[in-house]
Amino acid sequence: MLQFDPVQLPEGTAALRQEVRDFLAANADRTSAPNSDFSSGHDAEFSARLGERGWIGMTWPKAYGGAERSFFERYVVTEELLAAGAPVSAHWIADRQSGPLLLGSGSEDQCARYLPAIVQGRSFFSIGMSEPGTGSDLASVRTAAKRVAGGWRVNGTKLWTTDAHRNHYMIALVRTAPADGNRHAGLSQLIIDLAAPGVTIRPIRNMAGGEDFNEVVFDDVFVADADVVGEPGNGWSQVTSELGYERSGPERFLSAFRVYVEFVRLVGADPERFEAAAVGRIAAHLMTLRRMSMSVAGMLENGKAPNVEAALVKELGNNFEKLLPEIARTAAPLGGDQERFRRTYAETLLLSPSFTLRGGTREILRGVIARGLGLR
Amino acid sequence: MDQVLADAAERIFRDQCTKTTLDAAEDGEFPERLWQLLCENGFQLMAMPDSGAELADLFAVLRVAGRFAVPLPLAEALLANRWLGEEFGGGETNALNTVGLMAENGSSRWLGVPWGRAARRIVGVADDGGVFAGTPVAVNEAVNLAGEPRDQVEVQDVRPLPYAEPAPALLALARVAQSAGALERVLELGIGYAQEREQFGRPIARFQAVQHLLAMVAAEVAAAGRASDAAVAAIGSERFTLEVAAAKSRVGESVGLVAEAVHQVHGAMGFTYEHQLHHFTRRLWAWRDECGSEAHWQALLGRRLCALGADQVWDFLATSS
Numbered sequence: 001m002l003q004f005d006p007v008q009l010p011e012g013t014a015a016l017r018q019e020v021r022d023f024l025a026a027n028a029d030r031t032s033a034p035n036s037d038f039s040s041g042h043d044a045e046f047s048a049r050l051g052e053r054g055w056i057g058m059t060w061p062k063a064y065g066g067a068e069r070s071f072f073e074r075y076v077v078t079e080e081l082l083a084a085g086a087p088v089s090a091h092w093i094a095d096r097q098s099g100p101l102l103l104g105s106g107s108e109d110q111c112a113r114y115l116p117a118i119v120q121g122r123s124f125f126s127i128g129m130s131e132p133g134t135g136s137d138l139a140s141v142r143t144a145a146k147r148v149a150g151g152w153r154v155n156g157t158k159l160w161t162t163d164a165h166r167n168h169y170m171i172a173l174v175r176t177a178p179a180d181g182n183r184h185a186g187l188s189q190l191i192i193d194l195a196a197p198g199v200t201i202r203p204i205r206n207m208a209g210g211e212d213f214n215e216v217v218f219d220d221v222f223v224a225d226a227d228v229v230g231e232p233g234n235g236w237s238q239v240t241s242e243l244g245y246e247r248s249g250p251e252r253f254l255s256a257f258r259v260y261v262e263f264v265r266l267v268g269a270d271p272e273r274f275e276a277a278a279v280g281r282i283a284a285h286l287m288t289l290r291r292m293s294m295s296v297a298g299m300l301e302n303g304k305a306p307n308v309e310a311a312l313v314k315e316l317g318n319n320f321e322k323l324l325p326e327i328a329r330t331a332a333p334l335g336g337d338q339e340r341f342r343r344t345y346a347e348t349l350l351l352s353p354s355f356t357l358r359g360g361t362r363e364i365l366r367g368v369i370a371r372g373l374g375l376r
Numbered sequence: 001m002d003q004v005l006a007d008a009a010e011r012i013f014r015d016q017c018t019k020t021t022l023d024a025a026e027d028g029e030f031p032e033r034l035w036q037l038l039c040e041n042g043f044q045l046m047a048m049p050d051s052g053a054e055l056a057d058l059f060a061v062l063r064v065a066g067r068f069a070v071p072l073p074l075a076e077a078l079l080a081n082r083w084l085g086e087e088f089g090g091g092e093t094n095a096l097n098t099v100g101l102m103a104e105n106g107s108s109r110w111l112g113v114p115w116g117r118a119a120r121r122i123v124g125v126a127d128d129g130g131v132f133a134g135t136p137v138a139v140n141e142a143v144n145l146a147g148e149p150r151d152q153v154e155v156q157d158v159r160p161l162p163y164a165e166p167a168p169a170l171l172a173l174a175r176v177a178q179s180a181g182a183l184e185r186v187l188e189l190g191i192g193y194a195q196e197r198e199q200f201g202r203p204i205a206r207f208q209a210v211q212h213l214l215a216m217v218a219a220e221v222a223a224a225g226r227a228s229d230a231a232v233a234a235i236g237s238e239r240f241t242l243e244v245a246a247a248k249s250r251v252g253e254s255v256g257l258v259a260e261a262v263h264q265v266h267g268a269m270g271f272t273y274e275h276q277l278h279h280f281t282r283r284l285w286a287w288r289d290e291c292g293s294e295a296h297w298q299a300l301l302g303r304r305l306c307a308l309g310a311d312q313v314w315d316f317l318a319t320s321s
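As given, the protein sequences belong to chains A and B, one line each in that order. Quick note: the first sequence uses my numbering, first residue 1, plus one each step. Quick note: the second sequence uses my numbering, first residue 1, plus one each step.
Worth flagging that the hints you see were computed from the coordinates, not collected in a lab. Where hints are given, some of them may not hold.
Said to hold, decoys possible - Beyond 10 angstroms from chain B on every Cβ pair, some chain A residues (computed):
1. Pro6
2. Thr31
3. Ala83
4. Gly104
5. Gln110
6. Gly230
7. Ala276
8. Gly280
9. Leu312
10. Gly374
Stated by the list, open to error - If you want the footprint, here are the derived chain A segments under chain B, 3+ residues with CB under 8 angstroms:
11. 150 to 161
12. 250 to 262
13. 288 to 295
14. 356 to 367
Built from N, CA and C at the ideal position, the CB exists for glycine as well.
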């Protein structure tokens with residue numbers, strides 16, 4: 001049976017929460033179009049301001065500019081930013097997983113070169129996993145790196161790379177040796193400078209009209225040995241160890257949160273029973289999901305690798321992110337000031353197909369959970 | 001929380017709550033031996049103020065009871081003793097006391113009384129949450145859809161009890177905890193059956209369609225368990241009733257999905273009376289509507305949030321842990 005033990009936020013997090021809210025109030029001009037989807041607001045200036053406050057790389061060692069704070073403190077900051085609809089996507093990936101990856105598997109030299117700028121909110125990273133022929137079956141990547149003097153030459157194509165056209169680096173999973181029977185062997189993670197010669201970035205328009213994700217083509221791109229993360233050939237186990245961080249955070253159930261806020265505003269202080277029930281139903285989901293997500297943060301804080309629990313939280317959270325707009329839509333009253341609700345609802349609905357795709361599809365997550373249950 | 005109590009209860013339930021006992025109870029036979037065993041171990045007194053146990057321990061025991069579909073009105077018996085207190089004969093003998101709802105405030109006709117037919121004293125809960133003691137004089141037997149007795153009882157000597165607890169929320173929490181336990185058992189049954197049943201030359205657990213159903217079930221069961229824990233942890237806090245509201249709603253939603261999916265996994269076998277699955281799924285279906293359906297509690301929680309206003313909703317959610 002999967003365990004989600006209660007956690008109590010430590011002393012001091014209430015004060016930190018208030019600091020974040022004060023900061024958000026002072027930067028209200030940056031959140032004037034609130035969207036609680038973590039990948040929908042790229043604002044380098046906002047990220048730099050967060051960096052000044054010490055709210056990026058919060059858990060990292062002080063030697064690299066971090067604050068050595070707990071996962072719970074990071075949790076409080078990230079959930080406050082998301083709930084307010086702050087534009088966080090510029091630094092999001094670097095803070096959530098690129099930094100922790102380098103700390104866990106990277107060299108001291110890599111940490112010293114990359115982490116301080118991430119912490120300052122001035123260096124942004126993208127994920128380089130998917131390819132034209134590689135989605136859920138990640139081990140099938142065909143982008144390959146060939147040994148050359150002092151490093152590697154990379155050729156291939158990465159796809160659906162969020163913000164590659166705005167970010168500085170990609171950590172790409174590439175094949176550095178043939179599979180030879182074990183398809184998880186021979187994979188490596190490389191830090192690729194997205195401004196390097198031979199990198200071509202083409203934006204892809206999504207169905208909501210946004211241009212956030214890209215196709216990134218590598219044509220003989222040179223990557224120095226010093227930018228291979230961990231040992232060559234160790235890429236698969238590194239990639240899978242990122243998943244606990246990637247899958248359980250508040251961004252996995254808050255993407256549609258602003259729809260809820262506008263729904264409550266539309267319904268008003270004196271709702272019909274049906275409307276009140278819709279408001280309460282959504283709250284009940286949110287309260288439970290947040291607690292499960294914090295339980296996983298507690299496991300991470302204790303040094304565990306809760307990959308199955310994280311998959312389960314993401315599965316529930318993503319389904320809820322799709323359910324929320326549906327509950328709100330079907331219960332929304334006809335009158336009142338509809339404009340804000342309708343706009344937020346429409347924006348979120350158009351983004352919603354991505355909720356159960358990014359970071360591992362629903363089908364992959366259910367497979368991970370099933371394995372955890374001993375079914376495969 | 002006292003794990004020793006929950007473990008002791010589990011040993012008794014595991015021993016006593018066989019399919020035969022469950023079937024007999026559904027045929028109207030009060031499980032006397034099980035009840036006497038529990039009394040010998042002092043469980044009938046555990047929710048009384050000076051028992052030494054926390055109220056949270058009661059709900060830990062009820063969760064275990066849910067795992068075994070215990071065919072007793074355990075929550076009602078123990079809460080009745082608490083509310084009757086020594087002054088009104090709570091826990092005085094091993095006789096069963098129970099809790100029902102007053103048809104209307106002040107009425108002597110009490111409804112939905114679990115095992116009212118076997119009870120010595122009954123506590124009636126009024127609309128406003130007030131609790132009253134009554135002595136049964138006539139019983140109209142009825143059952144819920146799980147075959148659990150939910151009688152209509154005429155009472156006399158109705159007297160108000162001096163208890164200032166949110167009785168409706170505590171009763172709802174009892175169903176939440178029982179359901180969380182029963183859901184865990186239903187998941188186990190589903191996994192076990194999928195691993196043992198073979199079709200097309202292999203266990204059906206090997207089929208992705210079955211794996212995905214059970215993965216969804218596991219997620220729902222985990223959510224229900226976490227929601228139940230949170231509401232139990234809120235006992236005594238000012239948000240208790242709202243936390244119960246959230247839990248009753250969340251658990252109720254899980255019930256529908258889980259029962260449907262695990263019956264599908266069990267195929268026709270799980271549709272037979274002979275199989276034990278229905279003792280759990282029918283209770284889950286009954287309990288989600290008892291002590292306030294999802295919609296009842298959702299509306300209560302929703303009204304509070306609407307009164308707070310859109311810009312305070314996040315603060316409400318974030319200040320719970």
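Here's how the hints hold up against the structure:
1. The Cβ of Pro6 of chain A sits about 6 angstroms from the closest Cβ of chain B, inside the 10 angstroms cut-off, so the non-interface label is violated.
2. With a minimum CB-CB distance of about 13 angstroms to chain B, Thr31 of chain A clears the 10 angstroms threshold, and the non-interface call stands.
3. With a minimum CB-CB distance of about 5 angstroms to chain B, Ala83 of chain A fails to clear the 10 angstroms threshold, and the non-interface call is violated.
4. For Gly104 of chain A, the shortest C-beta to C-beta distance to chain B comes to about 27 angstroms, beyond the 10 angstroms cut-off, and the non-interface label holds.
5. Chain B leaves Gln110 of chain A outside its interface by the beta-carbon criterion, the shortest separation being 35 angstroms against a cut-off of 10 angstroms.
6. Under the 10 angstroms C-beta cut-off, the non-interface status given to Gly230 of chain A relative to chain B holds; the minimum distance is some 31 angstroms.
7. Remark: the non-interface label on Ala276 of chain A conflicts with the geometry, its nearest Cβ contact in chain B lying 4 angstroms away (cut-off 10 angstroms).
8. A cut-off of 10 angstroms between C-beta atoms contradicts the statement that Gly280 of chain A is not in contact with chain B; the least separation is 3 angstroms.
9. The beta carbon of Leu312 of chain A sits about 5 angstroms from the closest Cβ of chain B, which is not more than 10 angstroms, so the claim that it is off the interface is violated.
10. Listed as outside the interface, Gly374 of chain A is inconsistent with that label: its C-beta sits roughly 7 angstroms from the nearest C-beta of chain B, within the 10 angstroms cut-off.
11. Note: the stretch 150 to 161 of chain A has 0 residues with beta-carbon separation from chain B under 8 angstroms; the three-residue rule is not met and the coverage is violated.
12. Given a C-beta distance limit of less than 8 angstroms, the hint that chain B covers the stretch 250 to 262 of chain A holds, as 4 residues qualify and 3 suffice.
13. Beta-carbon proximity to chain B at under 8 angstroms applies to 7 residues in the stretch 288 to 295 of chain A; the threshold of 3 is reached and the given coverage holds.
14. Against chain B, the stretch 356 to 367 of chain A contributes 4 residues with a C-beta closer than 8 angstroms to a partner C-beta. That satisfies the three-residue criterion, and the hint holds.
In this structure, the earlier hints numbered 1, 3, 7, 8, 9, 10 and 11 are contradicted, and the remaining ones agree with it.
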